[in-house]
Amino acid sequence: MTSVEGSSRSARGLLSSVGASWMRAPYPALVVDALGSVVEINARAADLFPAAVPGTALAEVAPDWLVDGHRRAVRGGSGAVDTVRGRHGPWTLAAHATLGAGGEVVWWLVDETDRSLAEAALRTEQERTAFLADASSRLLASLNVERCMELAVELATAYLADAAVLVTPAAGKRHPLASCVGGAVVHRSVRLDPATVPGLAEALRGFPPVPSRWIDPAVLPEWAVPDGFAGPVGSVVVTPLPGHGVPAGALILLRRSDHAAFDASEEVFARVFAARAGAALSAARLYREQSGITAALMAELLPPSLRQVHGVEFAGGYRTSTDTERVGGDFYDVHPGAGPGDETLAVLGDVCGKGLEAAVLTGKIRSTLQALLPLADDHQHLLSLLNGALLSSRHTRFATLVLASVRRRSGATRLRLTSAGHPLPLIVRADGTVREAATSGTLIGALPEVRAHTAEVDLGPGETCLLFTDGVTEARGGPLGDAMFGDARLQAALAECAGMPAEAVVERIQMLVAAWIGDNRHDDIAVMAITTPRTTHLAAVDGRTPGRYTA
Amino acid sequence: MTDTTAVENDGAVLTHARAALWQAVCDRDEYAAGQAVFTALDAGAAVEDVLLDVVAGVQHKVGREWAADRFTVAQEHAATAIHDRVIAAMAHRAPPAPPREPAGTVTVACVDGEWHALPARLLAEVLRHRGHRVDFLGAQVPTPHLIAHLHRTAPDVVALSSSLPVRLPDAHSAITAVQALGIPVLVGGAAFGDDGRHARLLGADAWAPDARAAADLLARGLPRPVPGAIRQRVDDLPHLIDQEYSLVLRGKRQLVRDTLAGLEERLPAMRAYTEAQRERTAEDVAHIVDFLSCALYADDSRLFTGFLDWTGDILEARRVPARVLDPGLALLQDLLKDFPRSLDFLTRGRAVLAARTAPARVPEPGAPA
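Note that the protein sequences, when read in sequence, are chains Z and H. Using the numbering used here, the letters of the first sequence map in sequence onto residues 1 to 551. Using the numbering used here, the letters of the second sequence map in sequence onto residues 1 to 369.
Okay, chain H solo, but in the shape it has when bound (with noise of 0.2 Å):
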C-alpha cells in the first residue's frame, strides 16, 4: 500500500465516522456515537485527528444546524453532552502515552461567562495527546478560581478559550491578570476574531486559529512575560479613555428601558404584544447593546456590524424579516447622540441591515467574531 492510499483510507475512515457520528447525534443515540469514533479508531485512525475532524466537525455542523433553525436548543445541548461522554470515553479507551520528553505544563480553561466548552475540551484532550501534562478547568472560569489555580500549580503556559466577543473584557482581565504571574497566554476561539485581531489588541502572547494550530505553537513553548508588570485595561486600549464604554454598560438597563418605550410608541403593533413577546423584543434590544458596548471595547466597528449581520442571517431563517432591527437601532441613535463612537457604530450598523438582499445564505452558527 502507497502513503497516497493510507491517506485516502484514512480520509474515507474519518469521513465515514463523521456521518455515523451525525447520524447517532441526530438519533440522540449514545451508543451508536461511540461505535462511529471507536470504530474509526480501531481503524488505525489518530486520535488527534478523531477529535478534530470528526467529533468537533459535527459539533461545528450541530451549530449550523441550529442557526439554520433545524436544530432546537436542546438538540443542540443534547449533542453537546453526547460529544463530552464520546471524548471521556475516547480518552480512557487511547490514554496517552506517558510523555518521554516532558512537553510543558498547561492549562486550559475557558474564560468567565463562557459556557461553551467544548473547544477547550478538545485542545485540552489534543494536547495531552502531544504529551503535555494538562489541567482542564472546564466552563465559565471565574478569573480569582484560575489566579488561584495558577498560583497553586505554576503551568508554563495558560490556554484561554472564548466564543463570545461580549466576553472580550473579561478575557481581557484574565490575560492581563495571568501575564502578572509571569505566565505567557495562548488564547484561541472566535471572540477573538478570525484573524486573532482582538488577541493582539488584548495583549496575549499567542493566538491560535484552531487546536493543530495551538498545539504547534505550545510544541515551540512561549516565552515567560515579565512578572509583577501589571497593565491596566486603558494601557492596551487608550480609547477607552472617551467613558463611551463605561457609559453605555453602566446605562444598560435604562438604554433598553427607553428603546422599549419608544419602539412601542413608533409600532403600534407592539402594543398587543403579550408579556412573553415584550421579553425577547427586550432580550434583542438588549443583546444589541450588549455587542454595541463589547465593539466600543475593542473599538472595532466589525464586532457590531458582524453581530447584526448575524442576527439578520438567524432571524430570517426563523422566516423574520431583518429589518425589524432597525426601529431599535434608530431609537439609540437618538439616545446616543452625545457619543460619537456609538453613533459611527450605530449608523454602520443599520447600512449593513439596509444593505441585506433577500434572504438566500445559510447562517454561520455562534456568534460573529
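This is chain Z alone, in the form it adopts within the complex (with noise of 0.2 Å):
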C-alpha cells in the first residue's frame, strides 16, 4: 500500500503546484496512478465520467481505450503513449498523457467530437462527390436505354444498397426492368403493379418521394427482390428517376436486414443519384426514339442494296459528302421487271444540293419515278411528266439523272439509255475499249420542256455500263492534291475492269476515287455498274429459285 500512498502523494505534490486553478480549469482532466485508480479529477472531466470518485478505479468509469491507453503508459513509461482516442458516450475524444515522477498519469482530455463529426461528413461528401462524377461519365457514355439501366443498378449497388432495381414506365402491358444483385445485371419484363410497393406509383408519376421509414420491406412483391439477395430485406427506398419533363422511371434500394438502415441523408443522396441516372437514361430513350424516327424515314431515303436481276447484275456504291451524313444528293435505284422478259429500269441521278434537304428530293423524285413506272417505254415522255412533277412542287431545285431500261436477250443485254442533263453512261467492252453512250438530253425541274434523246446499247458477256454522279469525275485530289480525277482517269481506270462482276467494277471505281481524294473534302458519290455476266450466276441458284445446290 505504500506505493499507492506514496503515489498519491506525488501526485498532491503536483497539483499543489498549480493549486485549485487546475480543479477550474476549462479542459478536463483527472490524474490516475499505477494501479489504476482515480487520484484526482476536475470539475469538468467529472462531468464526463460522474461516477469517477478519487479511490474507484479507471477500469470502472472510463471506456476500455482509455484504461489501455493507461495500462500502455505505466507499462512502457514516458513516450510510450502520448495520445489515445476514442468515443465515451456521445463523445469523441482525446486523451493526452502526462507522466508523473511516481508513476501517476495526468489524462488530458479534449472534446473532438464536433471535429470528428466534420471529418466523417467531409470524407462523406468526398466520396459522394467522387461518385457521382464516376457515375455520371459512367451513365453518359451510352446512349443505349438497356446499357444505360444496366449501369445505373450496378452504380447503385456498387455505392449505395447491396440491391438495386430500376422499374421504366410500362411498355404495353409490361415494365422493363434491370436489377442487380452482387454485380451480376438481369433484365426482366414484368407485369407488375406499381401499388404494390409503397411509393412506387407516386415515383413513375413523378411525385415526391415517400421517406423510406414508412416502406415495410414485409411488404414487397417477389419481383421486387432479385434472385440471389441473402436474407431478409432491413430497409427499402423508393426514388423517382426525374426525365425531361415526363418520369423516367423509379429505382428501388434494398439493404439487408443486418445492414444499417438507410439515414435521411442517404436518402437524399439517392436522390441526387437518381436524378443523374434519370436524366442519363431519358436522353438514351430520346436518342432511341429519334434514331427509330430516323432510320423509319431514311429507309426510303438510302441507296438499295442490289443484286442480279433477270440474268442482269446490278451493283451500287454510293459515299455521302460527310461521314457523319447517311443520305445526299446521290441517288440511284432499280425497279425489276415483272418478268424475265420484262425490261428493269435503272436510274442514278443528282438533286442540286448536298445533305437531307437534297435527300428529301431525291425521295420525292424515286417515288414519283417508281409511279411512272408503266410508262418507262418511252424515256422522253416519263422524263417530261417527272419534269411536270418536279415544276410544280415547292422544291426549288433541279436534277439531273440517267434512265436505263434493261433486258437480257439471250447472249446479250439490250440498254435503252437515256441522260437527263447527266454524265454521259461509259460502256466498258470485253476487249477494254470504254466509250461514251450516245444520248443527251437536258435536265429536268428547270425547264418547262426538256427533250431528250435515247441510246440503245447491247451489253455481251463481261461487259458494263457505268452509270456515276459528277462526284466522281469532279473529285479534287491526287498525289499532289489538287488536281480532278477527271474523265480521262475514270475511263482508264473502266478499261482494266472489262469482264469483272458489277461488284468488282463498283468496288474498283469507289476504291480509286477515295484513294484520289484522301482527306480532301469532297461531293457525293455514286455509282452503278450493269453488267452482262460472263458465266451463269451464283444468286441464279441462291435458294429463291430451285436449283442444284438448294435442295
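Among these hints, one or two may not hold up.
[To be verified] Facing chain Z, according to a computed beta carbon distance under 8 Å, are these residues of chain H, among others:
(1) Pro144
(2) Ala180
(3) Glu279
[What the hints assert, rightly or not] Now the stretches of chain H that chain Z is said to cover, found in silico as 3 or more residues with beta-carbon under 8 Å:
(4) 66-74
(5) 109-122
(6) 253-266
[To be verified] Here are the simulated lysine to aspartate or glutamate pairs, DMTMM-like style, with alpha carbons at most 25 Å apart:
(7) H:Lys252 <-> Z:Glu146
(8) H:Lys252 <-> Z:Asp482
(9) H:Lys61 <-> Z:Glu496
(10) H:Lys252 <-> Z:Asp519
(11) Z:Lys364 <-> Z:Glu300
(12) H:Lys252 <-> Z:Glu474
Just so you know, the hints here were simulated from the structure itself, not pulled from any lab data. For each residue, glycine too, the CB sits at the ideal point set by N, CA and C.
With the hints as a guide, dock the two chains, each given alone in a separate frame, to form the complex.
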C-alpha cells in the first residue's frame, strides 16, 4: 500500500503546484495512479465521468480505450503513449498523457466530437462527389437504354445498396426492369402493379418520394427482390428517376436486415444519384426514339442494296459528302421488271445541293419515278411527266439523271439509255475499250419543256455500263492534292474492268476515287454498274429459284 | 474408319476444294467456284474449315499472285467478288443452327478507309456458325456510323479489321471511341503487326492473329472497359508530343511537290516523263510520305522499313530495280532535316534498300505490318 500512498502524495504535490485553478480548468483532466485508481479529477472531467471519484478504479468508470491507454502508459514509461482517442457516450475524446515521477498519469482530455463529425461528413461528401462524378461519366457514355439501365443499377449497388431494381414506365402491359445484386445484372419485363410497392406508383408518376421509414420491407412483392439477394430485406428506398418532363422510371434500393438502414442523408443522396441516372436514361430514350424515327424515314431515302435481276448484274456504291450523314443529293434505284422478259428500269441521278434537304427531293423523285414505271417504255415521255411534277412542287431545286431500261436477251443485254443533263454513261467492252453512250437531254425541274435522245446499247458477257454522278469525275485530290479525277482517269480505270463482275467494277472505281480524294473535301458520290455476267450467276441458284444447290 | 483417316480424308477434301476453287477463280467462273465449295460441304467438310482453309486460302494466293505480277488488279477484284458470292451462297445453304446458349453479340466492321472486307466477312461467318449474333457492317465504316450503330445495338464486343498500317490512326480513334462506350474491342488484320504489337500500342482489349483465334477469344468473352473513360491519342502515344507526325502529315502535299521537283532536277530522265508517268511517281512519293507518317504515329521504324522492303519486292517483280526509291528518300532527308525521328526512319529505310540483293523472292501480298 505504500506505493499507492507514495504515488498519491506525489500527485498531490504535483497538483499543489498549480493549485485550485486546476480544478476549474476549462478542459477535463484526471490523475490516475500506476495501479489504475483515480487520484484526482477536475470539474469538467467529473461531468464526463460522473461515477469517478478519487479512489475508484479507472476500469469501472472509463471506456476500455482509455483504460488500455493508461495501462500502456504505465508499463512503457515516458514516451510510450502520446495520445489515445475513442468514443465515450456521445463524445469523441482525445486523451493526452503526462507521466508523473511516481508513475501516476495525468490524463488531459480534449473533446473532438465536432471535429470528428465534421471530418466524417467531409469524407462522406468527398466520397459522394467522387462517386457522382464517376457515375455521371459512366452513365453518359452510352446512349443505349438497356446499357444505361444496367449501369444505373450496377452503380447503385456498388455504393448505395445491397440490391437495386430499376423500374421503367410500362411498355404496353409490361414494365421493363433491370436489377442488380452482387454485380450481376438481369433484365426482365414484368407485368406488375406499381401500387404493390409503397411509393412506386408515386415515383413513376413523378411525385415526391415516400420516406424510407414508411416502407415496410415485408410487403415487397416477389419481383422487387432480385434472385440472389441473401437474407431478409431490412430497409427500402424508392426514388423517382426524373426525366425530361416525364419520369424516366423509379429506382428501388434494398438493404439487408443485417446492414444499417437508410438514413435521411442517404435518402437525399439516393435522390441526387437518381436525378443523374434519370437524365442519362431520358437522353438514351430520346436517342432511341429519334434514331427509330430517323431509321423509318431514312429507309426510303437510303440507296437500296442491288443484286442480280433477270440475268443481269446490278451493283451500286454510295458515299455522302460528309461521314456523319447517310444520305445526300445523289441517288439510284433499280425497279425489276415483272418477268424475265420485261424491262428492268435503273435510274441514277443527282439533285442540286447536299445533305438532308437534297435527300428529301431525291425521295420525291424516286417515288414519282416508281409511280411512272408503267410509262418507262418512252423515256422522253416519262421525263416530261417527272419534269412537270418537279416544276409544280415547292422545291426550287433541279436534278440530272440517267434512265436505263435493261432487258436480258439470250447472249447479251439490251439497254435503252437516256441522260437528262447527266454525265454520260460509260460502256466498257470485253476488249477494254470504253465509250460514252450516245444519249443527250436537258436537266429536269428547271425548264417547262424537256427533250431527250435515247441510245440503245447491247452488252455482251463481261461488258459493263457504268452510271455515275459528277462526284466521281470532279473529285479533287491526287498525289499533288488539287487535281480533278476527270473523265480520262475514269475511262482508263474502267478499261481495266473488262470482264469483271458488277460489284467488282463498283468497288474498283470507289477505291480509286477514295484514294484520289484522300482527306480532301468532296461531293456526294454515286456509282452503278450494269453488267452481263460472263457465266451462270450463283444467285440464280441461291434458293429463291430451285436449283442444284438448294435441295 | 479411324479418326486419323477421317482427318486425312478431311484434309484431302479441303485440298481438292482449294484446287478447284483456285481454278474457278482463275477462269472467273462463279458457278464452278460454288461447285468447288459445295462439293466439299457435301463430302462432310466443316463450314468453318471451308471458309478459312479453302476460301481464305485461295484469297491469300490471289494476293500473292498479284504481288508477283501474275494477276492483274482486275483479276484480284473479280476473285474477291466471286468469293463474296460464294460466302453468301454458303450462308444460304448452310445457315447456322440457332444458338442454344446465346454466345454474345458481336459487331464486325472494317476501320474507315479499309476496303479489304473479306477477312472481316469471314470472321463474321465463323462467329455466326459458333453461335454468336453478329452484325457485319462491311468495308470502310466511318467511325461516326460505327458509334451510332453501337448506341442502338450495344453489342458485347466490337471486332475491328484493318490490313493497311496507314489506317492505324483511324483505327486508334475507332478503338478509343468504342471503348468509351464501355464496349471492349478485339482487333485483327495485318495493320496491327504479325505479333499484335500495334494492337497493344493503341490500347485494344484483345488481338487475334486469325479468325479461329479471334473466335476462341470471343468464346471466352472479354471484360468491359470502364465506360466514359475517354483517352486522348497522346495518352496512348506520348511521343506524338514532338509534333513530327502532325507536321509531316499536314505538310504532305508540299513534301510531295518538293520531292518531285528535286527528283526532276537530279534525274534528267524524269524530264522526259509523260504526265501519267509523273503522276505515278508522285503517287509513289505520296505513299512513302504516308508510311513515314504512320511509322511516326506508331513510333515504329519497322512500319517504314517493312513498307520499303515490300515495295522493293513489288517493283522487282515488275522488273523495276528497288533502288529507284533511294533518290526520293534522300530528298526527303533534306526536306525533313529538323525532324529527328523522321531522319532516323529515312536513314534506316535507305539502309534496307541498300542491303537488298538480287531479286530472288516472291513478294507476299498486302502491305506489310
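For each hint, the structure was consulted:
no. : hint                  : result
1   : Pro144                : 5 Å, holds
2   : Ala180                : 6 Å, holds
3   : Glu279                : 7 Å, holds
4   : 66-74                 : holds (count 3)
5   : 109-122               : holds (count 3)
6   : 253-266               : holds (count 4)
7   : H:Lys252 <-> Z:Glu146 : 45 Å, violated
8   : H:Lys252 <-> Z:Asp482 : 13 Å, holds
9   : H:Lys61 <-> Z:Glu496  : 21 Å, holds
10  : H:Lys252 <-> Z:Asp519 : 11 Å, holds
11  : Z:Lys364 <-> Z:Glu300 : 10 Å, holds
12  : H:Lys252 <-> Z:Glu474 : 22 Å, holds
Hint check: a violation occurs at hint 7 only; the rest are consistent with the structure.
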